[in-house]
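Trainee: Please model the complete structure; the sequences and the hints are all you need to start from.
Residue numbers (the working numbering), protein chains in the order written: chain A, 1 to 328; chain H, 329 to 622.
Quick caveat, the hints were computed from the structure, so don't treat them as lab data. Treat each hint with caution, since some may be false.
[Unchecked claim] Lysine-lysine pairs mimicking BS3-like chemistry, simulated, CA-CA at most 27 Å apart:
#1 A/LYS17 with A/LYS48
#2 H/LYS436 with A/LYS235
#3 A/LYS295 with H/LYS529
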Amino acid sequence: MSTVFEWEKPLVELEDKIKELRTFITDQGIDFSQELTELEHKAERLRKEIYEKLTPWQQVMMARHPKRPTTDDYVKLVFDDFIELHGDRTYRDDQAIIGGIGVFEGEPVTIIGPQKGRDTKENIARNFGLPHPEGYRKALRLMKQAERFHRPIIALIDVVGAYPGIEAEQRGQGLVIAECIEQMSFLKVPIICIITGEGGSGGALAIGVGDRILMFEHAWYSVISPEMCANILWKDSSRASEAASLLKLTPTYLLQFGIIDDVITEPLGGAHRDHNAMGLQLKAFLRRYLTEIRKIPIDELVAQRLNRFRQIGQFQERALPNLEKDGD
Amino acid sequence: MLRVFRSKPKYVTVRSSAQQQPSKIDDDQPERAKKEVPDNLWARCEKCSTLIYNKEMEKTKHVCANCGYHFRIPALERLRFICDEDTYKPFTPLVATNPLGFPGYESKLEQTRINTRLDDAIVIGTTRIHGYATVLGIIDFSFFGGSMGSVVGEQLTRGFEYGIKHRLPVIVFSGGGGGARMQEGIFSLMQMAKTAQAVGKFKEAGLFYISILTHPTMGGIYASFSSLGDIILAEPNALIGFAGPRIVEETTRQKLPADFQTSEYALHNGMLDRIVTRGDMKDVIGKLLSYHLR
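Mentor: What follows is the structure in structure tokens.
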């Protein structure tokens with residue numbers, strides 16, 4: 001099963017044609033190499049045209065592509081070893097977030113990240129990658145463990161939001177997100193957060209406070225999902241594409257706003273088209289930024305981390321008009 | 329001295345629904361938030377439907393004398409209930425900009441400023457409560473549903489920083505519908521981190537923070553500074569939670585418990601220290617402050 005978006009169809013048709021021609025050449029032994037080269041150039045141009053001008057909503061759909069690599073794919077592609085560690089030590093193991101110790105180029109690191117399923121069965125086990133409070137408690141436990149043993153933390157973020165369920169509310173979803181955000185902010189280890197797909201609201205920010213915040217080319221990050229935004233604005237979630245434009249949730253904007261530090265480019269056409277190439281790309285960015293922040297003394301690094309968030313916000317001062325004060 | 333203490337109280341609870349700001353919480357809680365009342369003289373209790381004469385409401389601090397239902401009140405009204413007279417001094421007022429260029433945001437801000445006479449969804453400054461000096465912040469629901477954008481985030485952060493500098497406790501009354509100021513997008517989300525970090529630094533300095541949850545405290549406000557109090561109190565019958573009840577219902581397709589996301593529910597589930605009535609609030613705060621003198 002493959003998912004082809006409407007806007008990709010001309011490209012996919014062309015790619016199919018190229019494949020056919022190749023088969024024809026091999027089978028018949030007739031030289032069509034000039035025609036083949038032309039078609040391939042045309043496909044290349046079309047690919048650029050399509051993927052470099054995606055609308056914000058198309059970006060969101062790319063981030064949700066069913067074949068897009070998930071957190072555990074990146075764990076396999078980027079790290080030499082990984083020992084998964086389970087449970088929040090309080091209630092249960094939430095499989096919507098995975099975590100553990102991995103080895104990155106010879107050094108142990110702590111890896112955490114929401115995990116979507118690849119099929120219905122896995123999606124049910126993983127609650128479609130929507131974490132409960134115990135998932136965030138597990139993440140926090142593992143992050144504190146990382147601090148104790150001076151391991152850098154790599155957070156791979158792909159989550160549309162924290163699960164909005166009755167039990168999640170009962171067990172303090174809001175409270176645990178607040179605790180994650182606060183405590184992550186002060187951890188005395190280097191932290192790199194990477195939004196690999198969806199960065200939905202507090203559920204993403206709960207594991208999104210770091211020293212370097214990177215974002216995949218076809219990822220989104222916002223205070224609210226486009227569907228919910230459309231629902232609030234127009235009571236019509238089918239207008240999500242309009243909402244996606246208003247929210248300015250693409251990496252290009254977020255880089256301009258100073259919310260993220262860098263954009264990790266994807267193979268042309270999206271990460272799902274070439275998992276291995278995406279893995280190599282992620283590895284290169286991790287190497288670069290991990291090396292960079294490891295050089296900074298840890299107290300200074302934490303101070304920089306706090307200062308970064310302290311500066312975010314746009315507002316103006318207003319002088320007190322006289323009418324609000326009385327004469328005395 | 330501020331006019332706040334002299335002017336006659338305005339009864340926001342009896343505004344017609346047409347004048348109210350549309351907000352997420354109104355959508356979620358039509359019964360709670362949108363009850364019509366006959367005119368400006370009377371209010372109808374949203375819980376027991378008793379008609380209450382507005383002059384009576386002032387005496388009871390907008391609590392139904394029949395069933396104890398706590399009406400939502402404007403921040404300036406709450407200041408009068410909590411502060412020692414003539415002791416409140418506001419911080420430098422801040423106003424929002426439109427960082428995303430969100431269509432209609434500026435004009436809606438302007439209109440809301442006129443309607444509410446507020447700069448943004450927070451009233452914050454220093455004051456005394458039973459003689460104890462403190463920083464006090466109050467979120468006002470009538471301004472964009474009490475949502476946190478850059479102004480609320482910055483003001484709260486300044487509040488905690490002021491507390492650290494002057495060794496003062498901080499008290500924050502939360503009450504925001506959707507929690508986040510959607511029109512400010514990612515900037516709004518980042519205020520969650522900014523305020524949580526401000527609380528973290530404040531605690532490191534060994535100072536005392538009381539978070540008081542009022543109706544409604546949801547979303548990004550609940551999932552940041554308001555969940556991080558040394559002591560967390562709530563008014564009775566406040567809506568407290570992360571996801572809005574309508575979203576929970578739509579996602580889970582389960583019938584919600586009758587008391588879902590109320591203060592009483594949060595207390596039962598271990599998320600609050602105490603529920604305190606509006607009538608007792610000032611005295612309870614005064615006592616808590618006296619036990620945490622620095």
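Trainee: All hints, please: hold or fail.
Mentor: Verification of the supplied hints:
With a C-alpha separation of about 18 Å, the suggested pair A/LYS17 and A/LYS48 falls inside the 27 Å cut-off, and the hint holds. The suggested pairing of H/LYS436 with A/LYS235 holds, with an alpha-carbon distance near 18 Å, which does not exceed 27 Å. Note on A/LYS295 and H/LYS529: the hinted pairing holds, with a Cα-Cα distance of about 25 Å set against a maximum of 27 Å.
This entry satisfies every hint, going by the numbered hints stated previously.
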